[in-house]
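Number of protein chains: 2
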Amino acid sequence: MDFLKKANDLMPVLREKTVRPTSGMPEADKLMREGDCFLLDFGSHFVGHLTLRLDVKRPGDDAADAPLAVEFRFFENLCEDTGKPYTGGLSSSWLQVANLLVDDPYAPIVLPRRYAFRYVKIRFTTNTSYSVVYRDCFVKAVTSGDEALVEPLPEGTDPLLARIDKAGVLTLRDCMQQVFEDGPKRDRRLWLGDLYLQAKTNYYTFKNNDLVLRCLYLFAGLAHEDGCLSSAVFHEPVLKKQSWILHDYALFFIGVLADYYRATGRDDVVKELWPTALRQTEIAYKAFLDAGRRANTDLYFIDWCPALDKSCAALGIIVSMLKEALFLADIAGTSEEKLALKERIDGVSPALIGLYDKSLSLFRGVSGQLSIHSQMWAVLAGVLDAAEETNVMRATLKTAMVDPVTPYAMHYYAEALIKAGLKDEAFSLIRCHWGGMLERGCDCFPEVYVPGDREASPYGDVTINSFCHAWSCTPSYFIRKYQVGY
Amino acid sequence: MDFLKKANDLMPVLREKTVRPTSGMPEADKLMREGDCFLLDFGSHFVGHLTLRLDVKRPGDDAADAPLAVEFRFFENLCEDTGKPYTGGLSSSWLQVANLLVDDPYAPIVLPRRYAFRYVKIRFTTNTSYSVVYRDCFVKAVTSGDEALVEPLPEGTDPLLARIDKAGVLTLRDCMQQVFEDGPKRDRRLWLGDLYLQAKTNYYTFKNNDLVLRCLYLFAGLAHEDGCLSSAVFHEPVLKKQSWILHDYALFFIGVLADYYRATGRDDVVKELWPTALRQTEIAYKAFLDAGRRANTDLYFIDWCPALDKSCAALGIIVSMLKEALFLADIAGTSEEKLALKERIDGVSPALIGLYDKSLSLFRGVSGQLSIHSQMWAVLAGVLDAAEETNVMRATLKTAMVDPVTPYAMHYYAEALIKAGLKDEAFSLIRCHWGGMLERGCDCFPEVYVPGDREASPYGDVTINSFCHAWSCTPSYFIRKYQVGY
Chain A
4 MDFLKKANDL MPVLREKTVR PTSGMPEADK LMREGDCFLL DFGSHFVGHL
54 TLRLDVKRPG DDAADAPLAV EFRFFENLCE DTGKPYTGGL SSSWLQVANL
104 LVDDPYAPIV LPRRYAFRYV KIRFTTNTSY SVVYRDCFVK AVTSGDEALV
154 EPLPEGTDPL LARIDKAGVL TLRDCMQQVF EDGPKRDRRL WLGDLYLQAK
204 TNYYTFKNND LVLRCLYLFA GLAHEDGCLS SAVFHEPVLK KQSWILHDYA
254 LFFIGVLADY YRATGRDDVV KELWPTALRQ TEIAYKAFLD AGRRANTDLY
304 FIDWCPALDK SCAALGIIVS MLKEALFLAD IAGTSEEKLA LKERIDGVSP
354 ALIGLYDKSL SLFRGVSGQL SIHSQMWAVL AGVLDAAEET NVMRATLKTA
404 MVDPVTPYAM HYYAEALIKA GLKDEAFSLI RCHWGGMLER GCDCFPEVYV
454 PGDREASPYG DVTINSFCHA WSCTPSYFIR KYQVGY
Chain B
4 MDFLKKANDL MPVLREKTVR PTSGMPEADK LMREGDCFLL DFGSHFVGHL
54 TLRLDVKRPG DDAADAPLAV EFRFFENLCE DTGKPYTGGL SSSWLQVANL
104 LVDDPYAPIV LPRRYAFRYV KIRFTTNTSY SVVYRDCFVK AVTSGDEALV
154 EPLPEGTDPL LARIDKAGVL TLRDCMQQVF EDGPKRDRRL WLGDLYLQAK
204 TNYYTFKNND LVLRCLYLFA GLAHEDGCLS SAVFHEPVLK KQSWILHDYA
254 LFFIGVLADY YRATGRDDVV KELWPTALRQ TEIAYKAFLD AGRRANTDLY
304 FIDWCPALDK SCAALGIIVS MLKEALFLAD IAGTSEEKLA LKERIDGVSP
354 ALIGLYDKSL SLFRGVSGQL SIHSQMWAVL AGVLDAAEET NVMRATLKTA
404 MVDPVTPYAM HYYAEALIKA GLKDEAFSLI RCHWGGMLER GCDCFPEVYV
454 PGDREASPYG DVTINSFCHA WSCTPSYFIR KYQVGY
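Heads up: the protein sequence lines correspond to chains A and B, in order.
All residue numbers for the first sequence refer to this note's numbering, where the first residue is 4 and numbers rise by one.
All residue numbers for the second sequence refer to this note's numbering, where the first residue is 4 and numbers rise by one.
It should be emphasised that the hints constitute simulated quantities derived from the structure, not laboratory data.
Check before you lean on any hint, since a few could be wrong.
Since the list can't tell identical chains apart, any single copy or any two copies may satisfy a pair.
When the alpha-carbon atoms are kept at most 25 Å apart in a straight line, the in silico DSS-like pairs for lysine-lysine are as follows [what the hints assert, rightly or not]: (1) K60 x K243; (2) K9 x K210; (3) K243 x K33; (4) K8 x K20; (5) K361 x K33; (6) K143 x K422.
Build out the structure end to end from the sequences listed, making use of the hints.
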């Protein structure tokens, strides 16, 4: 079973589409020189390769006698155009800038790198004895998603939900490249946590099931020595596992595989990847026992919230994924394996139930902290009865507590509301949360959204945030699965 | 006669040589990050394409998780590394800088542009979570000169002259590309004034006579409507004549053609290009008459000296080139054309002789100014008898007057000394002038050399000067023709 070879055999062909800006183009006869600048708006977010065409105008019809210096700055969102020095913690080399010296300003200027953007600011930065005029600009936009396969929403769909769906589909499209990338601007990496949500949305939109399978193979083929899966895989510039281990992400492999089976019915794939999936439950359960029947929260991501008590949410994820493993065991597991899984579920569930504050109908972290994260994962784990889960989610809606800061965590909040029978409340949340992003002028959904704080960034500088981020695409899943009923 | 097609058929194949730095390489295990910098010295001047190879080192053996930002600055001469803002008049896009964002720091970093340099300063400019180590760096050096054809100087050649010759040969080599470029760092253009001197040196070194012919065809094929030749031809990014007309440069076409005939004996080429050559004499002579039997000095370059009175030197050039035309007329001209040329020589010579101050044995400009330029061009015009020419050049050596600032003008000074029988004085000049450049640590000869003024620049900033400049290569011509006697 050479998983990496199988992953490679599933390498998608990228679809290419030529797109031109919709506004911001200089007049055809405008002579531009040092300091001149224009901002092209492509009307929507795209990922791809830019070409700019200029022409040279010089007195006496002389040729351009020196290279042309051009600066390109690409923005997914205009808030990236601060003009201030960068102060973030992540490498500033992710900021999408190109400073080119162009030997031939007559020829198309083809930028060698791939960019993720809606806007591009083009500035001429050196004195030249000639001027240039604008001729053309286009992006060759790339994606491994086939837009023709995305079914249109029915006539009469609520306009706000239709807009939200459009942005979700666009977000997923631009993150679908050779793998499901987390963000096409920054990281460009295959993360298990992102993949879980991307794959869910993919089944209701682009239906590129082979891309999900390719990503499953990549994770399986790049497991650590003890069988634990990496939180992420680098697919460029070199194919390599990431050393950082997150148990929630490793467990989500089970969820991705279970969803893949539900979408495709391919039990051959389940059987092939079953040992990998099962191994994640063993590792997470051993860590639970080693920590004294608690989750080792250092090994869980959950959300970017500072000072979040992850203890309850982590247990909720373990139980949820143990139950998904049991679902897969019916296809691929032995009776001993099923028994072992049930024992693990019975081992972890009491620790989770032990965090339930029945007086409030809310779960607490071991520190006593109340957070939405605890409620949603406890409900998704299904350790209470249905009526009590509804109580938990109703109480959650009414109680002030630690809120999710990422659309990623917000996804599980909406999912838990739906599981608890509160579909209207889930859709109110979607309208409010993802609709709020649209009100900020987004075409697609960002990595971080904190209402009232446009500068929020986990990295210390909003300009490094990813404004088209995979884990934020799931409204299209909710709308198409629960509203439209595809 | 499609001159441009013929020029294109003579497009040279560039010879490529891989050269590695001789010093400045970081230790193989030195970890480098943001702010780290090293200066590679390639030991000599080269023109070509650079490749840098690095490797990535990251804790946990993780892959590089962000692009690598690298700044390359290329220097022909370390005086270009000022760190000060550029203040010159020419386009700063000629400064040889590359700011790259490298998506794959594991792969060879191949810079797309051609550079002219001995030194390259490489600096890592963004924070990354990984370090890089140095693996390799090389330049694929290119030239259309075949070094195997350059005869070594005889054993026992004076060491200073041998060093000067080596730098002259190197200067010419690096300016020999698809055309004879003026400077491979800046302009990269085919100028008639530079070509005249490059071709002279070429016959005694690289013997790439086809490259001379190609350049003659380019000028002939890109003449202005009235038949006047351009001062220069752009050969990249587009093949185009330069609108700027210089009568001295246009007249030098005759000199280049005459020298080409002397080197090759090809009277077919002389016959083919004779109408073009003859036309330059008609145009210059008409301008002389129109100006009231003076040279229209606005149309003459002569040298970069500020406030130079060019009137005498310009007349000297007209007479010199009329005489070269008469030489060519013996091969290709009609008797009427010869007669017309003689009439033109007889027309201009008296105006030149009229500027002779017999009391000083020196020529003056019409303003009365004394300059070396006036003396050398009057002597090269041959309007006095041989003994009187010797007097002029002896007086020149002893009298304070306006000096040449370019090795280009200095060439004609040395040539005039030799013509006047003062070969030793010519070689003293060569030792002093071009030897002085070597004392500044040059590997090749620069565009501008003013003893005692390292900051001298016709452009307001020494960093934009060309430090490997075609018109400065002629010591190799003098040494090989007059000293070695090849």
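* Which numbered hints turn out to be false for this structure? -> Hints 4, 5 and 6 contradicted; others consistent.
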